[in-house]
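Engineer: Respectively, the protein sequence lines represent chains W and G.
If you count the first sequence from 1, position 334 lands on 334 in the working numbering, and the numbers rise without skipping.
If you count the second sequence from 1, position 240 lands on 240 in the working numbering, and the numbers rise without skipping.
Possibly wrong hints are sitting among the right ones.
Claimed, not checked - Below 25 Å or equal to it, Euclidean Cα-Cα: the simulated DSS-like pairs (lysine-lysine) are:
no. : chain 1 : residue 1 : chain 2 : residue 2
1   : G       : K239      : W       : K43
2   : G       : K24       : W       : K85
3   : W       : K87       : G       : K239
What the hints assert, rightly or not - Covered, in the sense of this in silico footprint (three residues per stretch, anywhere, with C-beta under 8 Å from a C-beta of chain G), are these stretches of chain W:
no. : region
4   : 20-29
5   : 114-120
6   : 142-149
7   : 230-243
8   : 324-333
9   : 472-480
10  : 578-591
To be verified - Examples of chain W residues toward chain G, derived with CB under 7 Å:
no. : residue
11  : N177
12  : K340
13  : R399
Simulated from the structure, these hints should not be mistaken for lab results.
Glycine is no exception: its CB is placed at the ideal position from the N, C-alpha and C atoms.
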Amino acid sequence: MTDKKEKTGAEKVGVVIVGHVDHGKSTLIGRLLHDTDSLMDGKFEEVQASCKRRNVPFEWSFLLDAFQAERDQAVTIDTTQIWFKSKKRPYVIIDAPGHREFLKNMISGASFADAAILVVDAAEGVREQTKRHAYILHLLGLRQVVVAINKMDSVGYAEKRFNEVKGEVTEYLSGINIVPQAIIPIAAREGVNIATQSDKMPWHKGFSLLEQLDTFSPAAPPVEKPLRFPVQDVYRFDGRRIIVGRITSGVVRKGDTLLFSPSNRSATVTSIEKWNAPHDILSAQAGESIGITLDQPIYAARGDVASHAEQAPMLTHDFRANIFWLGKEPLRAGKRYKIKLATAEATVTVQSVDRVIDTGDLARTEKDFVAVNEMAVVTFHSRETVALDPFADNRDTGRVVIIEHQDVVGGGIVNMDGLADLRALRQATQENLTAVDHLLTAHDRAVRNGHRGMVVWLTGLSGAGKSTLAMRVEHALHTKGLQTYVLDGDNVRRGLNADLSFSTKDRSENIRRIGEVAALMADAGLIVITAFISPFLVDRRAARVAAGGSFHEVYVKADLDTCEKRDPKGLYKKARSGAIDDFTGISSPYEPPETPELVVDTAACDVDDCVGMIVDHVLENAQELLQKNYKEAAAER
Amino acid sequence: MQDHLDELESKTIYILREAYNRIKPLGMLWSIGKDSTALLWCIRKAFYGRVPFPMIQLDTGMEEDEVYEFRDQLVKEWGFELKIEQCPPEEEMDQTLPPATRAAARKTEGLKNLLAREKYKGIIVGIRRDEQSMRAKERVFSPRRFDGTWNYKDQPAEFWDQYKTDFPEDTHVRIHPILHWREIDIWRYTQRENIPIVPLYLSRNGMRFRSLGEKNITFPIKSDASTIEEIIAELEVTKTSERAGRSMDSETEDSFERLRQSGYM
């Protein structure tokens, strides 16, 4: 190991220095470089001369602020990197601008770090930018954090003041799940507690800052996590198809069967390819740029993620992300963006801005847009299926960057709590189908009934007319000889879902069970009409997935005023008086369908017309498909 | 287990493959020095022995003889496409620039001519952050206006290995695949991979070139390092900066900034 290190050099640790403007970040960096004797000859003199030319006192920040504009205005505009060595190892220091307006540059720098020093002025204590930067460290997933309480000389090296600031910092950090490895009192300008322990503060029993840094380690690639190999490109230079990319987690071995998501195709690795490799490569791991060849010519393209089948990423259309927003135009619900997730790209719509976070007091703010430099929790909907992981499970496949007008305008880490994994749903559905269809096929049932099974899913506000329409449509279809059934609150809540409350979670489960039951009934050959508000896209999408191709979403549309005037069950009145919590339309949102199969506007059309539209839609689809099947079957014979 | 050099190489290969996938047409500036030659080696690794875009030399006619010899030898051995762009004469440069900076600016102008003619959308350049404090502030994918100027006050956000790869029509992008390497890494890698170098880097009569540029504006340093191993040992302890022998860096405080802002590498 030692031998190898001598040849390749010791692993460096990237350290980002963050904190409020003028709390002493640059001075600290200058000190670290000076006290470890890492400055090149003439550099100190060059800075001296440059300060003199501008008639300002000696300024360490000039080491890093190389631009004329930065020196002239004494402000760090962009991030930079500079090297120094301790006795133990090399470091690359990342200087991050403190000003709010350069947040994009701060993040560009901090994203490279293995560890962070959060600098806090002992006299000023925790300030706005201290909190914002700490919050970003949390979003970037940095776990190795040391807090340096700087300018201790300005408070007479007083332990009491140190403890006050320490308390303030600890309280904020614990709110965002950061546990600093150490909190160290320093005086950067004086060199106190920087490279060596100082006798100025005998009450401080811990390490100096540099000694603390030496306990950190470079962030190792996640070799022990499940395999993720995002496909970067496919080369055909020598007739072979080489699928190239960098492994972001786990290990791939020659002979492994890989599943490509979201396309869901599998093939076996016949070789791992690196140019000029001295011998046959049997395995490769997280961090390596490789190529692979496969035993079958499956269609795998840039954007697919290869994994092992048993530990595959989630598949979804909907995901939530904790984001930081850098765009000059605010992010708004309903707006469309491009996202990049590993090597994949997708077009997404902002489904909802769930909350905007005030990084000062971590309070939620209710508003439907996110302004520049704000942090928020946002739910996205993607037209295409995307393969991803929750950030907590896997870093690189669990974070997205957001693009607008060709620019990166934000980034976020994925959280899938409460959202469906379509892979699990699909698998469950497939298992159902094989069980039911052993001897009889859906076609056999359709022939017997004269029509195929279907789920006609009515969704809309309370009072929009779902129940009325459901009953009338069923009656009309029954009269025409079709096999039908209506699922509504009355027949479901009494038995199947009698154990469920009206909590958010149970309401979601209510819809999930209805979706599954409707799917089974449709599979049995029935036209199933459901009449539930089902306000959330995610829940309805799960129902659609459960029913496979036989799901028809009908948006029963009526504006809130109309519904509230109708108020057939007196529920709006109760909700307005506060007697009902989370009432859709009043105190809880309704997410209208994006691409429903049919829209009936009960505010604009009379009931007969609406019934007619739905009946026509059902007849057309349930019977036309059947006729097509007959034709295909006849053609085959 | 990947070691330090493997990690640097893997990241460089990733960047090269991103560039090749996202940006067309692509070319690389090959100065024939140690950095861009190590980068050329990484290109062969990334594309399985091929060099799928042209190497470009911005030639001022002022390189040392050994540099031209080495160039012709390597093209023959490795078999890649080399385009030689003759740079305009010094008289046509901005005369307010100090003399060495003015000489260096010839390459900027040569590059502009090349871009105007060949319409490259991406230019790969082998610069490193630790060379120079202006380069330390660079992005990996760094947009330039078509006249080559660098809007360093408003650089794109770049994090999580996601690069800006879409640009307006009148823009080209500089791609910096070895921005994260240090001088000593280049030498360790050159040694490990047995990559050929111009012999001027090795000491003769107590002098060697630490950084290789045109003979009118680059000077050798005092050194007895006559093997790569000795160069590495020298770098472990040196207190002299790499570009100390490059006069255009330090003629005035802002000379290098002015060069880079107007499109220098």
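Engineer: Hint by hint, note whether the structure agrees.
Structural biologist: Structure-based check of all given hints:
{"no.": "1", "hint": "G/K239 - W/K43", "result": "10 Å, holds"}
{"no.": "2", "hint": "G/K24 - W/K85", "result": "40 Å, violated"}
{"no.": "3", "hint": "W/K87 - G/K239", "result": "16 Å, holds"}
{"no.": "4", "hint": "20-29", "result": "violated (count 0)"}
{"no.": "5", "hint": "114-120", "result": "violated (count 0)"}
{"no.": "6", "hint": "142-149", "result": "violated (count 0)"}
{"no.": "7", "hint": "230-243", "result": "holds (count 6)"}
{"no.": "8", "hint": "324-333", "result": "violated (count 1)"}
{"no.": "9", "hint": "472-480", "result": "violated (count 0)"}
{"no.": "10", "hint": "578-591", "result": "violated (count 0)"}
{"no.": "11", "hint": "N177", "result": "20 Å, violated"}
{"no.": "12", "hint": "K340", "result": "5 Å, holds"}
{"no.": "13", "hint": "R399", "result": "6 Å, holds"}
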